[in-house]
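Put together the whole structure using the sequences plus the hints.
Those protein sequence lines, which keep their order, are chains L and F.
Heads up, the first sequence is in this note's numbering, so the first residue is 1 and it goes up one at a time.
Heads up, the second sequence is in this note's numbering, so the first residue is 1 and it goes up one at a time.
Just so you know, the hints here were simulated from the structure itself, not pulled from any lab data.
Check the hints yourself; a few may be wrong.
[Claimed, not checked] Partial pick of chain L residues on the chain F-facing surface, computed with a CB cut under 10 Å:
| # | residue |
| --- | --- |
| 1 | D14 |
| 2 | V22 |
| 3 | Q48 |
| 4 | G141 |
| 5 | T144 |
| 6 | K159 |
[As the list claims (entries may be wrong)] Here are a few chain L residues that sit away from chain F, every Cβ distance over 10 Å (derived from the structure):
| # | residue |
| --- | --- |
| 7 | P12 |
| 8 | A15 |
| 9 | Q55 |
| 10 | G67 |
| 11 | K76 |
| 12 | G112 |
| 13 | K179 |
Backbone N, C-alpha and C fix where the C-beta goes; we use that ideal spot for every residue, glycine too.
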Amino acid sequence: MTTSDTNDPGSPRDAGNWATKVDRLAAPDDKSKVGYNITGKKVTGPQQGFGRLWQRTYSTNVGTVVGARALITDWKVNFGDYWPPGSVFHNSLTGIEPGAVAPIEVGIASHGPKLATGIVVIYADEESFTFMTPEGHMFAGMITFSAEEDAGETHVEIKILIRPNDPIWELAWPVARRKEDEFWMGTLTNLAAHYGVVDATVTEETVCVDHKRLWRNWRNVWHNSGIRSGIHILTTPIRMLRPQRSSG
Amino acid sequence: MSEPQVSMTVHFPETGTAVIEISGDVTAACEPVLMSAYEEACAPGTRFLILDFTGLTYMNSGGIGMLVTLLVRANRQQQKLAAVGLTDHYRQIFELTRLDEAIALHADAATALASA
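See the structure below:
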């Protein structure tokens with residue numbers, strides 16, 4: 001086996017940027033109540049999903065008051081604060097760093113129950129970070145958040161490479177796509193507003209990378225976080241009645 | 001987007017097989033270089049494509065995304081894809097992203113050819 005051609009042959013330049021591989025994810029102990037659709041799940045990449053493969057790109061210009069690295073540092077720490085109301089990102093105390101697992105609660109409607117799922121941070125450097133999704137998430141794939149400086153201005157981009165995870169999410173794609181537009185465009189608008197850009201213009205581009213559905217993965221429906229969140233909510237009273245297990 | 005710090009060369013060790021040797025940094029910025037190499041590798045009859053990462057010095061998540069799109073294109077052409085020359089570090093990244101389930105990993109081109 002060859003080694004990387006770097007100044008330090010034992011340590012590639014990107015070594016600290018990647019998460020370590022784990023077979024099964026575990027929600028952080030202090031977030032186990034909202035991490036029930038993460039613990040025990042595997043990470044899913046675009047080839048583990050079911051539906052068509054989409055590449056979606058959202059971008060905006062946040063002006064001149066912040067550089068790319070400073071913006072990414074802020075975004076890693078306050079990631080959920082820039083989300084539109086209705087959904088919750090449970091960031092870890094250490095913020096977004098490689099290997100971090102974060103439960104998320106997605107608001108389906110403006111009020112009412114939330115769908116529980118999560119993300120795992122697979123990559124983070126000074127100018128970008130990337131999430132992958134666990135089994136059961138609406139989408140199987142990767143989402144990268146990055147910033148870049150050009151002519152003194154800072155441009156921010158969200159690049160998504162995803163397949164709907166199972167046949168149900170594939171059927172829901174037309175609705176999910178619109179929801180995703182609202183969500184990520186809202187996020188970038190909030191981020192730009194934080195840096196003084198009011199009513200920022202957010203552009204969106206969508207390309208279908210693969211029209212083929214991966215029928216071999218139809219069984220992903222077993223992990224569907226929408227169904228599992230519904231069951232979890234309906235069975236809450238039963239869990240409350242169950243006697244607490246003693247720890248001794 | 002920054003200039004890609006990568007070079008790719010294509011050769012054909014045997015009929016129906018193409019090897020793309022990748023040297024440098026694999027990021028989203030090198031997509032045009034990779035796709036151009038892929039076009040060159042897609043000579044009539046190419047059924048097996050080997051990506052040789054022996055010269056790989058850096059890869060970010062954009063590079064992984066780019067490999068996914070290459071995989072889709074290869075699948076569309078009913079071509080098998082293999083990766084060789086990965087260090088333990090990069091092999092671990094293929095496993096982390098579960099790309100190893102779609103792209104066969106081998107120690108070197110000879111082993112990949114023997115498995116074809």
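Which constraints among the numbered hints does this structure fail? Numbers only, ascending. 7, 8 and 9
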